[in-house]
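K.L.:
Going down the list, the protein sequences come from chains A and B. Position 196 of the first sequence, counted from 1, bears residue number 591 in the working numbering, the numbering being contiguous throughout. Position 127 of the second sequence, counted from 1, bears residue number 522 in the working numbering, the numbering being contiguous throughout.
Treat the hints with care, since some could be wrong.
The list makes no distinction among identical chains, and a pair is therefore deemed to hold if it is satisfied within one copy or across any two copies.
[Unchecked claim] Here are the computed lysine-lysine pairs in the DSS-like style, where the Cα-Cα straight-line distance is at most 27 Å:
#, residue 1, residue 2
1, K597, K501
2, K537, K613
3, K601, K542
4, K537, K611
5, K582, K542
6, K542, K613
7, K432, K407
8, K407, K597
9, K462, K597
10, K602, K542
11, K595, K611
12, K601, K423
13, K430, K613
14, K537, K462
Don't read these hints as lab results, they were simulated from the structure. Computed from a prediction, not measured in an experiment: that's the story for all the values here.
Number of protein chains: 2
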Amino acid sequence: MSMHSFYENAPKHLVAVDCIIFGFEDGKLKLLIIKRKVDPMAGAWSLVGGFVQDEESTDEAAARVLKQTTGMENIYMDQLHTYGEVNRDTGSRVIAVTYYALIRIKEHDRLLANEHGAHWLSLHQIPELIFDHNLMLQEAMKRLREKVRFHPVGFELLPEKFTLPQLRNLYEEIYQRELDKRNFRKKILAMNILEKLEEKDKTSSKKGAHLYRFDKQKYELLMETGFGFTM
Amino acid sequence: MSMHSFYENAPKHLVAVDCIIFGFEDGKLKLLIIKRKVDPMAGAWSLVGGFVQDEESTDEAAARVLKQTTGMENIYMDQLHTYGEVNRDTGSRVIAVTYYALIRIKEHDRLLANEHGAHWLSLHQIPELIFDHNLMLQEAMKRLREKVRFHPVGFELLPEKFTLPQLRNLYEEIYQRELDKRNFRKKILAMNILEKLEEKDKTSSKKGAHLYRFDKQKYELLMETGFGFTM
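Kindly produce the complete structure, drawing on both the sequences and the hints.
P.N.:
Shown next as structure tokens:
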């Protein structure tokens, strides 16, 4: 078969990226979603996404979408899964590659997001999304929970200095259940990735709560190795 | 924007699946690879793959490729990663989705594989593969090692009954290093997923080695939960 016919005879497909962008604010894990502007389903809620263009990689398409909606650049995005069902998009066949990012909401460009019709909604408030986007979100949450089981998490979501209750709150939001305070404290300190600061946060009590920050080197080492079983 | 122009104006792409098919035979972890038949790089070694057709999902395309090459059906394949770099295929832009499968080599159709120019090569003997296929293999091996760290492995690769040395051999092949016999035995038995049989395998010694099989229920439970850190 000639080179020509091998590639020329194969069918081509629309390929999109859909981004699951998590942030953490006011003690809530939030997701950035957008009101879709085109038919079918104009006006419905959707993940932030776009078509992969000729001159960009799928990773670059995801970074472009993130930048267009939040103004943020150089954010690490993890590719999650490719959804290739024939009829998943009711407008046309579209193969969708999902990416997820964890970002500090405070650092994004709120005006730009508003301009794009993008909103941060708490995970408890996520409405029905178009197509298979609720499934994409579910699977991203599952991946986030797996990540938390095997690796430390929080560096990308919390401010530089935080209290243990804030960190526990983040884990509770990811697990979507309450965690025992003493047990959490014991386990998280045993990870040996936190640095206790002299400063206290006095916004919630007069006595105040100690502020901590991540020891970046230890955090990254643990990120690399994980907590798993080794032979 | 009309529905028409939204979908019609977006560029379309060739999408392929590439399958990393692992098997275990004669104490070696092996990979199924094929001699490419078309230019560019006709005659070079390649993973087993094909273009996603209009009427099939990406998962179905991977299952079709596996069936065409090995005759095997209903094999669980895990999607791994989508490679979306613009110039990764030197013939044309192709976005490739990788899948991996663990199969029992004995159960595949050797004649069919031969007809397709497919060969099982030990991981130590893998030659240079086309495009980014060596990277795909590396990343699949990394995923397999991660899987082994957090989950039991072997059910899909070993015969129904096997000895502990055979199982250790499989782990050694995945880790690509020798494991301490006593330590392996202790750790693997502590997983509580093996059932010791009365029968012995006497092919390697007169005294023989006990045969084991996986307790499927316990294996699947551990597969579900993994060994990770839980709050």
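K.L.:
All hints are to be evaluated individually against the structure, with a verdict given for each.
P.N.:
Hint-by-hint comparison with the structure:
Within a single copy, K597 and K501 get their C-alpha atoms as close as 21 Å, which meets the 27 Å cut-off; across copies the closest is 67 Å, which misses it. In this assembly of identical chains, the alpha carbons of K537 and K613 lie at most 27 Å apart whether taken from the same copy (25 Å) or from different copies (22 Å). Within a single copy, K601 and K542 get their C-alpha atoms no closer than 35 Å, and across copies no closer than 48 Å, so neither meets the 27 Å cut-off. With identical chains, the CA atoms of K537 and K611 are at most 27 Å apart both within one copy (25 Å) and between copies (24 Å).
In the homo-oligomer, the alpha carbons of K582 and K542 lie at most 27 Å apart both inside one protomer (16 Å) and across protomers (24 Å), since each shortest distance falls under that limit. Taking identical chains as interchangeable, the C-alpha atoms of K542 and K613 lie at most 27 Å apart whether they share a chain (17 Å) or sit on different chains (23 Å). In this homomeric assembly, K432 and K407 come within 27 Å of each other (Cα to Cα) both inside a single copy, at 25 Å, and across copies, at 21 Å. Neither within a single protomer nor between protomers do K407 and K597 lie at most 27 Å apart by alpha-carbon distance, with minima of 59 Å and 56 Å respectively.
Taking CA atoms no more than 27 Å apart as the test, K462 paired with K597 passes in neither setting, with 35 Å inside one copy and 64 Å between copies. Taking CA atoms no more than 27 Å apart as the test, K602 paired with K542 passes in neither setting, with 34 Å inside one copy and 46 Å between copies. Taking the shortest Cα distances, K595 and K611 sit within 27 Å of each other inside one copy (20 Å), while across copies they are farther apart (52 Å). For a Cα distance limit of 27 Å, the shortest separation of K601 from K423 inside one copy, 24 Å, qualifies, whereas the shortest one across copies, 65 Å, does not.
Taking identical chains as interchangeable, the C-alpha atoms of K430 and K613 are never at most 27 Å apart, the minima being 40 Å within one chain and 46 Å between chains. In this assembly of identical chains, K537 and K462 lie within 27 Å of each other by CA distance solely inside one copy; the values are 25 Å within and 30 Å between copies.
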